[in-house]
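**Student:** In the order they appear, the protein sequences are chains A and B.
If you're matching positions, the first sequence starts at 22 in the numbering used here and goes up one per residue.
If you're matching positions, the second sequence starts at 111 in the numbering used here and goes up one per residue.
Don't read these hints as lab results, they were simulated from the structure.
The beta carbon of each residue, even a glycine, is placed where N, CA and C say it ideally should be.
The hints are all genuine.
Only some residues are given here: those of chain A computed to face chain B with a beta carbon under 10 Å: (1) 65; (2) 78; (3) 109; (4) 110; (5) 111; (6) 117.
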Amino acid sequence: MKGKHKDILFGLYNDETELLDAVHTAHEDGLEIMDVYTPFPVHGLDEAMGLSESRLHIAGFVYGMLGIMTAFGFMTWVFTRDWPIIFGGKPYWSVPAFIPISFELTVLFSAVGMVVTFYVICGLGPGVKNPILHDRITDDKFCVAFETDGLAKDKIDGYRSFFSKTGASEVFEKNI
Amino acid sequence: MNQFTFTGKQKTFTFSLMFVGLLTALICLFMKGDGLRFWSNFLHNTVFFVGISFISLFILCAKSLAYSGWQTVFKRVWEAMSLFMPIGVIFLLIITLGIKMGWHDLYHWADADSVAHDKLLQAKSPFLNFTNYFLFTLIVGGYWIFTMYAYRRLSLREDNNAGLYSFNKIKALAGVFLFAGGYLACIMIWLWVMSIDAHWYSTMFAWYSAASWLVSTIAFTVLMMIYLQGKGYFPKFTDEHMHDLGKYLFGFSIFWTYLWFSQFMLIWYANIGEETTYFKLRIDEYPVLFYGNLVINFLLPFFVLMRNSTKRKHGTMIFVAIFVFFGHWMDYFQMIKPGVVETEHHLAHAAHDDHGSDTKHLDDAHKDEHKKEDAHKDDHAGDGHDDTHGDGHGDAHEESLRWGFGMPGYIEFGMFAGFLGLFLFVFFTGLGRASLTPENDIYLDESYHHHA
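Looking at chain A on its own, in the form it has when it is part of the complex (with noise of 0.2 Å):
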């Protein structure tokens, strides 16, 4: 999207289960979806897609292994190391009680970081503009859109005809 301008055609869809059905239908027919919009979530639209599983909660793991040790490794340097005090007359190093500060810190670090790397890897952050294919696929309609630029007449067609074929109640081409 940097700057590079493309030619866009798609249609859209009144609920999920027809946007299902098409998207079934386009990799039945060979025909490559540059994305799908939708309102929400929809459910079985990655195996639908051909997508594969997203590697976000691996990083997850990576940031909460990172945040418990974190918690750990600071509290003990502190009660053993740096500045050791005795609560309630329990040993300098007490594990039980690190434990409830490890697993906020272990929430923190994933919860935080996932989203940091969500943004990082979607290419989000503060002043990006993102060109909207239509208005109401942030409401109630469900997008299915092809790739145009320098195509054939007759393949942009073929698309045509693939949302004719699945119901689209709009198809539009645009620039963006």
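Given chain A's structure and the hints, the job is docking chain B onto it.
**Tutor:** Structure of chain B alone, referenced to chain A:
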């Protein structure tokens, strides 16, 4: 195959399990003459399996009240699991009768002499007494059984009568049961299990043990679904359903750990003598049980089931489910057995005191004894000597090696097999009594199209 048939082979299998259970029970009672071991096993297994059937009913009620649909395709499995409840409650009534008749000394509070010499037990006696134990077991158990049969009847009625009659009736039944049945279950677990450590109490205990039941129920469901699918039943039960059952197993294992830790942490931090006895006993004398519990029931399901794909692999699910099921059985083992041994020591000690000369330990006898004993133990820990204060109280350091109490021996596994056989027998019989798919359940279609 919409109708389960309880084949001869399965019958032979369940009966042979029951036979093993009966055999080991008889060996324990008559050849070894170890009544305490028999009765504590009996209580342990009864509570474990009655809990599984209670939780099955509880999940069904929660499902109907939460308008949750995806489990509908296999809800008959949970119905069949809940059918064990009457037998379990009858077994508990036998234990109750045993208190009255003096067949066993599982409960310290049931011993009149101990109560007379023990301020703490006296203070607790308005709740911890035979009448309460009996009435609660009878009435609450009866209420559970009533709800279970009412649910089952309404669910079966729906098979022949389409419409919302059963749906609405079950919703009313579930609304009452989730509240009343749930809260009363706390009282039951206090009486059945927590009161074994009669001096001890924990407000987290009911949650913690119920979470243990919950995980075992899900593990058992997973195992049964994989087994029944292998036999060709439940063709509409897909990997999506298995995935969500896997999430339950994973999530509730963590829930259990959360409660386990909360109970431990609060008691450890507050460091009040009456509360710490429970954990001090288990950490000092039964470290394998105590830490092994966490490894099997937390670390194993946590790391194995963390990834999405493992919840869809039947082999992995069988592996985790078997371990976790056994792990929670062991969890109940470590809740019950150390307390039983402790009670045995107290009673032996009291008997010894009676033989002794005078009445100087009347009031705070046990408290003083405790203090002395703790001091003794500390000394021994210091110089590595074994105890010398003998008199039936002794050998505390060897408890973790005592078969049947510190570690489950063949009798424990045998009686577990017996109960499992009985449970499976009731389960298969109940499963065969009705069609496997609730054809008229309004959620059935949703359940068929479930996507995790």
